[in-house]
Structure formats: structure tokens, C-alpha cells
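Participant: Listed below, chain by chain, are the residues.
2 protein chains.
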Amino acid sequence: MYKILIADDEQKIREVLREYAEFEGHRVVEAVDGMQAVELAKQEEFDIIILDVMMPRLDGFSACKEIRKLKQTPVLMLSARGEEYDKLFGFEIGADDYVVKPFSPKEVLARINAIIKRNKQVDAPADIVCFEGLEINFTSRDVKIDGVKANLTPKEYDLLFYLVRNKNIALSRNKLLEEVWGYDFFGDDRTIDTHIKMLRNNLGPYRKYIVTLRGMGYKFEAD
Amino acid sequence: MYKILIADDEQKIREVLREYAEFEGHRVVEAVDGMQAVELAKQEEFDIIILDVMMPRLDGFSACKEIRKLKQTPVLMLSARGEEYDKLFGFEIGADDYVVKPFSPKEVLARINAIIKRNKQVDAPADIVCFEGLEINFTSRDVKIDGVKANLTPKEYDLLFYLVRNKNIALSRNKLLEEVWGYDFFGDDRTIDTHIKMLRNNLGPYRKYIVTLRGMGYKFEAD
DNA sequence: TACATTTATGATAATCTTGTGACAAGCATT
DNA sequence: AATGCTTGTCACAAGATTATCATAAATGTA
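For the protein sequence lines, the chains are A and U, in the order given. Straight run, no breaks: the first sequence in our numbering ends on number 223. Straight run, no breaks: the second sequence in our numbering ends on number 1223.
Any given hint could be a false lead.
[As the list claims (entries may be wrong)] Sample of chain A residues facing chain U (criterion: CB under 8 angstroms; computed from the structure):
# : residue
1 : 144
2 : 215
3 : 216
[Said to hold, decoys possible] In silico DSSO-like pairs for lysine-lysine, Cα to Cα no more than 30 angstroms straight-line:
#  : chain 1 : residue 1 : chain 2 : residue 2
4  : U       : 1155      : A       : 208
5  : A       : 101       : U       : 1106
6  : U       : 1106      : A       : 69
7  : U       : 1117      : A       : 106
8  : U       : 1069      : A       : 106
9  : U       : 1197      : U       : 1219
10 : U       : 1003      : U       : 1069
11 : A       : 106       : U       : 1106
12 : U       : 1149      : A       : 167
13 : U       : 1117      : A       : 71
14 : U       : 1003      : A       : 117
15 : U       : 1106      : A       : 167
Calculated from the structure, these hints are not laboratory results. Please read all numbers here as calculations on a predicted model, not as lab measurements. All residues carry an ideal CB built from backbone N, CA and C; glycine is no exception.
Please model the entire structure based on the sequences and the hints provided.
Facilitator: As C-alpha cells, then:
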């Protein structure tokens, strides 16, 4: 049983996909636009998210980007035939697959199953990382210090996750700004220092893993 | 650059895919039937294998199964439109994606890139150079002397890194100033001497690699 | 060997960087 | 509107780094 989020403004499409998905025993949640999809994706854990490209309020691409900031839930995009440029863009944006309308529901379900299977397999072993008593769970997005859940802010999670994903790699402030804050952030370099400070405070004894590289940036150092 | 195996009995299809793939800088190997594809897949390592479903001697599904017994190389299947049953079967058999003929080569390439990127999630090896007990890690930005971490200042790192990257090349003070200090540095030549001194002190027994070129500059000399 | 050059070294003051606390703006919730 | 939480910016002190200079040592040459 998979939990599936279907976001499309056309009720008919939602209905037909829901029918097929429920026939296979999956649970379906519906969203009528991109905004709602992002909201739901934030709140709950889905096995896959299906996004229509053309939606009111927030389009599928933007919704996908937004969701990818927080979760690695697989995304399948739906769009009208012939938008080849969009198709390519869809892959670059981090979508896992792409289906063209009008589609066969069977095909969509087959792709859903394939994507989820792939994701479950690939991500399962690398899900949680530990460094002594510091436990980082990328999927559920939490961090435990000696078994106790740390209360990190979103930025702190993002920063820690990026550092850990790139452990033992020297990361300049610019690189961090670009990767964690986004290429469109035009703020101060030193903002990072403050967030590093707060992150260190929250990591307690494991603050030692975050190493300052003077004149350069920071690094998460561990084997 | 990816290494791609294309298996299809139609020469035209192989040609058009090869053309697009090579345009993107990939290397292509062709097979005209399933048997040949399996043979090649056994012998060489590919980043992705593209299999047509309908092929003489051994069909794409059987070839995929055969290949999957030995390797986890991602597989993309090609097949004539409307073979929906085949499509489902294709995913279950372990194919990573499925494209229906007639396809757009661009779409196929986009899918190829997406699949490979997904599978290539292994992190690149660190950039490390050793000279006897002197270990220089460019990626994590640290230097070890007989296994013990050296504590270099930023300038010392930069200077050492530049020297090592240009080992066995005579580097004038001007060149060093320009490359390590920057074109906008208007200080004294002799500043370098001081930094070379400190660097040598920090390198312990391996100070010998930094050679003075009288009347010229310095050089990192090693094989 | 003696001399002229060039490089190595030690000391030091000026300069840069970072860690930190304070604070205000932004945002969602109440 | 009030509250609480998160974020980005700033200023300042502590400390590390750097450039410079004077002097010693080394090198090459006549």
C-alpha cells in the first residue's frame, strides 16, 4: 500500500487516477492546485506525488521545486502533449518521471510502482547516518543527540543535511549560500556564521564535527 | 561522458540515437540483437543499456532479465506503441524506464540522463596526492604529515596547493604572487620567502620537496 | 678567500576572520 | 493585535594571520 498525492485541477483526472490507484490498494490524497499540494506534502509523508504542470495558484514545476526543498519524495509530472521543452525542464527540476496527457491510467500506475520500488530500494540503506551519538535521519528529517530529538529550525536542518551529505569536503561560504540558501539569495556571507553557531549549539558535544576552515568556510569532518 | 549500449535491430534507430548521444559527448556501443547485447553487457561496464523489445535471437525482456542476473546497469526499454501489457511487464522485469516508439530522440536522451544521474549517486572520490608521508587532500582541504594533521594557515594551504598542482615547474615570485595572492596584490616580493619559510616549518621532514631556485623563485620537486 | 647577491629567519605591528550576543523584520498561529 | 519562532544583519572583541623589515645565513663568483 502506497500513499499517493495527486495534484490536478481537473476533477476527472483525479478521479480516474484515484480509482486505479485504490483498485491496487493504495491510499490517495487529492489537491486541486500547486499551493495545496505543497502544503499537503509538507504535512504528510507520501510515497509519491503526482503533479500536473498546468495548475492554478502554483504550477507543477514550482510546486515540485518547493517540495524538493524539504523532501525527497518522488515526483511524477503530468502535462499536455508536445511540451517537449517542459519535459526536459521537468527532469532537471528534480522530477522522477514524466507522463504526457492524454495518458493511460494503467501506464501511470505502472510508472508509479516502478518509481516507488526504485526509491524504496535505493534510499533505504542510506536513510540514516550516525556519528557516535549523533543520529541524522534524512527521510523523516530529524536529528537525535544521544537518543534525544534535537529541535532544529528548518534552516538548521538544511545546513546540517548539506554539510553531512558533503562530509569531508571543504565548503566555501559561497558554495553553502548557493546550495543551502539558493542561487537567488543576495544576503551577507556572515549569515552562515550565525547559523553555524546555532547549529553547533544545538549539536551539543557533537559540535566538534563542524570544523571551521579559516579563510575558506566550513566542513563536516568524520569518517 | 556516459557509456551507452544501444540494442536494436533497426539500423536507423541505432543511428539516430547514436547521433544524439554523441552530440552530448557520450560514447555509444551498438548491438543488433538481444544475444549480442547480453554478451557486450557481460564484457564491458555501461552507464545505461537501451533495449528494443522486438529483436531477433533474443527479445529485449529476456535480454534485460539475463543482464540483471549479472549487473545492475540501468536499462531503458524501447517498444512499439500500444503494447501496454509489455510495458507493465517491462517494469516488473527490472527495466528502469520505458519509451514508446515512435519516440523523440530528445526525450530519450533526457530520460537517459535522468536515469544515470539517479543511479550515479555514488560520491566522487576525494582528490588526494601523496609524497611519502606527506598527504595532501584537496577535497577536504587538509594536509597530513606521517598521518598527523598539519595545522596550516589559509595562505599556507593556498601556497602549498599551488606548488603541488604545479609540481616540477619553476615558479617565479611574480608568478606566485599573481596566482596565489592575486593580481591585485601590490606588496613585496619577499613576502613569499616568509610564507615559504613557515610552510617548510610545517612540513617537517618533507620540507625537502620545496626547492629554492636561486635568482628565480621556488618549485615543488617530486616525481 | 673575499665580495656581492640572494635567501632564510625572527620579531612585530597591522590587518583580517571568526564567534557571539543583540536586535529587528518576517511569518504563522492564536 | 499579540505571541512565539525563525532569519538575516550588525557590531565588537578575541584571536589568528599576514606583510614588512632588519639581520643572519647561504650561495655563487672572481
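Participant: Can you list which hints this structure breaks, lowest number first?
Facilitator: 1 and 15
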